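Asks: Residue-level listing of the chains:
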Amino acid sequence: MNYLWDFIIGGLICLVGQILLSKTSMTPARILVLFVTAGVVLTALGLYEPLVKLGGAGAQVPLTGFGYALAKGAFKGVNESGLLGALSGGVKGTAAGIAAAVIFGYLIALIFTPKTKK
Amino acid sequence: MGARVGEKTVRFDMPPNILGFSSVVGKDEKNGPYGACFDITFEDSLWGEKTYELAERKMQLKAVETAIEKSGLKAGDIHILIGGDLLNQIISSGFVARQMGIPFIGLYGACSTMSESLLIGAMSVDGGFAEHVVCATSSHFATAERQFRNPLELGTPKTPTAQNTATAAGAVVLSAQRGQYPSVISATPGRVVDFGINDVNNMGAAMAPAAAETIITHLEDIGQRPEYYDAIITGDLGIFGSKLLIKYASELGWDLSGVHRDCGMMLYGDNEKMHCGGSGCGCSASMLNGFFLPEMIKGNFKRILFVATGALHSPTSALQGETIPCIAHAIAIEMGCSI
Chain A
792 MNYLWDFIIG GLICLVGQIL LSKTSMTPAR ILVLFVTAGV VLTALGLYEP
842 LVKLGGAGAQ VPLTGFGYAL AKGAFKGVNE SGLLGALSGG VKGTAAGIAA
892 AVIFGYLIAL IFTPKTKK
Chain C
-15 MGARVGEKTV RFDMPPNILG FSSVVGKDEK NGPYGACFDI TFEDSLWGEK
35 TYELAERKMQ LKAVETAIEK SGLKAGDIHI LIGGDLLNQI ISSGFVARQM
85 GIPFIGLYGA CSTMSESLLI GAMSVDGGFA EHVVCATSSH FATAERQFRN
135 PLELGTPKTP TAQNTATAAG AVVLSAQRGQ YPSVISATPG RVVDFGINDV
185 NNMGAAMAPA AAETIITHLE DIGQRPEYYD AIITGDLGIF GSKLLIKYAS
235 ELGWDLSGVH RDCGMMLYGD NEKMHCGGSG CGCSASMLNG FFLPEMIKGN
285 FKRILFVATG ALHSPTSALQ GETIPCIAHA IAIEMGCSI
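If you read the sequences in order, they're chains A and C.
By the working numbering, the letter at position 99 of the first sequence is numbered 890, and the numbering carries on one by one without gaps.
By the working numbering, the letter at position 179 of the second sequence is numbered 163, and the numbering carries on one by one without gaps.
Because the hints were derived from the structure by calculation, they are not lab data.
Predicted model, so just to flag it, every value in this text is computed and none were measured.
We put the beta carbon where it would ideally sit given N, CA and C, even for glycine.
You may find that some hints are simply not true.
Said to hold, decoys possible - Away from chain C, derived, C-beta distances all over 12 Å, residues of chain A:
{"hint": "1", "residue": "W796"}
{"hint": "2", "residue": "D797"}
{"hint": "3", "residue": "L812"}
{"hint": "4", "residue": "K814"}
{"hint": "5", "residue": "I822"}
{"hint": "6", "residue": "L845"}
{"hint": "7", "residue": "G864"}
{"hint": "8", "residue": "S879"}
{"hint": "9", "residue": "I899"}
{"hint": "10", "residue": "F903"}
Stated by the list, open to error - Simulated crosslink set (BS3-like; lysine-lysine; CA at most 30 Å straight-line):
{"hint": "11", "chain 1": "C", "residue 1": "K(-8)", "chain 2": "C", "residue 2": "K257"}
{"hint": "12", "chain 1": "A", "residue 1": "K814", "chain 2": "C", "residue 2": "K257"}
{"hint": "13", "chain 1": "C", "residue 1": "K11", "chain 2": "C", "residue 2": "K257"}
{"hint": "14", "chain 1": "C", "residue 1": "K142", "chain 2": "C", "residue 2": "K257"}
{"hint": "15", "chain 1": "A", "residue 1": "K814", "chain 2": "C", "residue 2": "K231"}
{"hint": "16", "chain 1": "A", "residue 1": "K906", "chain 2": "C", "residue 2": "K257"}
{"hint": "17", "chain 1": "A", "residue 1": "K883", "chain 2": "A", "residue 2": "K906"}
{"hint": "18", "chain 1": "C", "residue 1": "K(-8)", "chain 2": "A", "residue 2": "K906"}
{"hint": "19", "chain 1": "A", "residue 1": "K814", "chain 2": "C", "residue 2": "K34"}
{"hint": "20", "chain 1": "A", "residue 1": "K906", "chain 2": "C", "residue 2": "K231"}
{"hint": "21", "chain 1": "A", "residue 1": "K906", "chain 2": "C", "residue 2": "K286"}
Here chain A stands alone, though its shape is the one from the complex (with noise of 0.2 Å):
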C-alpha cells in the first residue's frame, strides 16, 4: 500500500511538471526553480507535510521534496540556534542531498559522455 501512495503522490507531481513543459512556454530552468521553492512554501504552511507522511519517497525525491527539506533544516535550525538557524539550517537539512549530487554527478560526467537518442 505505501508503494502504491507513493508512486500516486510522485506520479501526480510529475504531472504537474509535464503540464507546465507542454502548455506553457516556461523553460525547464523556470520549472526546476518553480519547484523547489513551491516545495519550500508549501512546507512552511504545513500543506507539505501531510504529502511526505502519505506518499513518502514519492513526495521527497522530486525536486518539491527538496524544498521540503530546506524549510524543514530552517524550522530546526531557529529551534536550535535562533534566528541565524533560518539562514544555515536550511543547507545543513538539504547538506547530504547536495553532497551527493555533486559527487554522482561528477563520478557519473567522468564515465558517460552524452549521446543523441538512438
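Go by the hints and put chain C onto chain A.
Replies: Only chain C this time, still in chain A's reference frame:
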C-alpha cells in the same frame, strides 16, 4: 547582368547553372523516406570526431568537396565560397573555408541559409564577378540543441510543436558555364516579418507568414499563378507551419495547396519522434540537393520555387521576451533554359 522585376524580384540575364550539388545526412535522416537520395550518410552522430561541432564541420566539408567533385571542377576553380550555419560566429562554415582555402563570404540566415547563399551566389555569377561559386550550409541536431536550447547533458524533453534540427549538410556549385543543367532564373529576397510569436518551440508558426509574403511577392512580381511552378518548396515550416502557410496565403487570395511541399515535413516522413518535422539549415539543403534537383534532372520537375525559411532570433533575445523575426528568400530554378 540581371534586372529587377516588379517590387522585389531579381531576374538573371544569363541564369547561373547548377553544375554540381551534394547532400550529407545523419542516421535519422537516412532512415527517413528519402534516405536513399543522399550522397553521403553516416550512422553515429559524432561521425568519428571528438565533438558534435567537429562532426558538423566534417559534414559541411564533405558536402563542399562532393559538390565540387560532382561538378567536375577543382577547389582552385571556385572563386567564392558562400556559406553559413546555426552556430555562434558561424564556426562550421568559417572552419570549412579555412580548410578549403577559397575566398569566403559568411552568411547568417538561420535556416534560410541555403536560399540566401544561392541568391548571393547567383548574383555574383550573373554579375560577372565570379565564374564558379559554392553555396554551402549545415546543421546538426546536437550542436543546435546546445546553441539554441540546452546541451544534451541536461536531457530536457521536447514540447509537441517542437521540430527536430536535421543533422544534414548541402552544397551547390553555381557556374557561368553553359550546358543542360538546372539554372537559377530569378530570386526574391525576403523582408523580415514578425507576427509577434515568442514561443521558440513553435518556429514553424513564426516562419509561415514570412514564407507566405515572399512567395506571394515573387508570384506577383513575375506575374504568374502558383501552378506555374511544379513545386513551391518551403524549408522547414513543419506540419503546423505548413497548415498556417496555406491558410495565410488563401486569406490573401492565393491557393498554394496544390503545389506546396515542405522539406521539414518530407525529411522524416511520419516519424512521431520528430514531432512537427525537421528544421535547420541542413533540412532544406539536403532535400533540395538530395531530392528536388535530381528529380529536375530526371525530368520530373521542370520548374521549382525554393523558399528556405529562417528564424532570426537568438537564445538571448528569446529569453528577454523578444518575438521571433523571420525571413524567407525565394529562388526560382528551371531545368535546361540556359544552354
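Asks: All hints, please: hold or fail.
Replies: Structure-based check of all given hints:
No Cβ of chain C comes within 12 Å of the Cβ of W796 (chain A); the nearest lies about 26 Å off, and the non-interface call holds. No Cβ of chain C approaches the Cβ of D797 (chain A) within 12 Å, the least distance being about 23 Å, so the stated non-interface status holds. At roughly 6 Å, the least C-beta separation between L812 (chain A) and chain C is not larger than 12 Å, which violates its mark as non-interface. For K814 (chain A), the non-interface assignment is contradicted: its Cβ lies about 9 Å from the closest Cβ of chain C, within the 12 Å cut-off.
For I822 (chain A), the shortest C-beta to C-beta distance to chain C comes to about 10 Å, within the 12 Å cut-off, and the non-interface label is violated. Every CB of chain C lies more than 12 Å from the CB of L845 (chain A), the least distance being 28 Å, so the non-interface label holds. With a cut of 12 Å on Cβ distances, G864 (chain A) stays outside the contact zone with chain C, its closest approach being about 27 Å. Distance check for S879 (chain A) against chain C: the nearest CB is about 30 Å away, which clears 12 Å, and the non-interface claim stands.
In this structure I899 (chain A) is not separated from chain C by more than 12 Å, as the shortest Cβ-Cβ distance comes to only about 10 Å. Non-interface status of F903 (chain A) relative to chain C is broken: a Cβ of that chain comes within 12 Å, the nearest being about 9 Å off. Taking the CA atoms of K(-8) (chain C) and K257 (chain C), the gap is about 39 Å. The hint is violated against a cut of 30 Å. For the suggested pair K814 (chain A) and K257 (chain C), the alpha carbons sit about 19 Å apart, so the restraint of at most 30 Å is met.
Of the pairs offered as hints, the one joining K11 (chain C) and K257 (chain C) holds, with about 14 Å between alpha carbons and a cut-off of 30 Å not exceeded. For the suggested pair K142 (chain C) and K257 (chain C), the alpha carbons sit about 10 Å apart, so the restraint of at most 30 Å is met. Straight-line distance between C-alpha atoms of K814 (chain A) and K231 (chain C) comes to about 24 Å, which keeps the hinted pair within the 30 Å bound. Straight-line distance between C-alpha atoms of K906 (chain A) and K257 (chain C) comes to about 16 Å, which keeps the hinted pair within the 30 Å bound.
A hinted pair counts as satisfied when its Cα atoms are at most 30 Å apart, and K883 (chain A) with K906 (chain A) does not qualify at roughly 36 Å. Straight-line distance between C-alpha atoms of K(-8) (chain C) and K906 (chain A) comes to about 45 Å, which puts the hinted pair past the 30 Å bound. Restraint check for K814 (chain A) and K34 (chain C): the C-alpha separation of about 37 Å exceeds 30 Å, so the hint is violated. Between K906 (chain A) and K231 (chain C) the CA atoms are separated by roughly 39 Å; this puts the pair beyond 30 Å, and the hint is violated.
Under the criterion of a C-alpha separation no larger than 30 Å, the hint pairing K906 (chain A) with K286 (chain C) is inconsistent with the structure, at around 42 Å.
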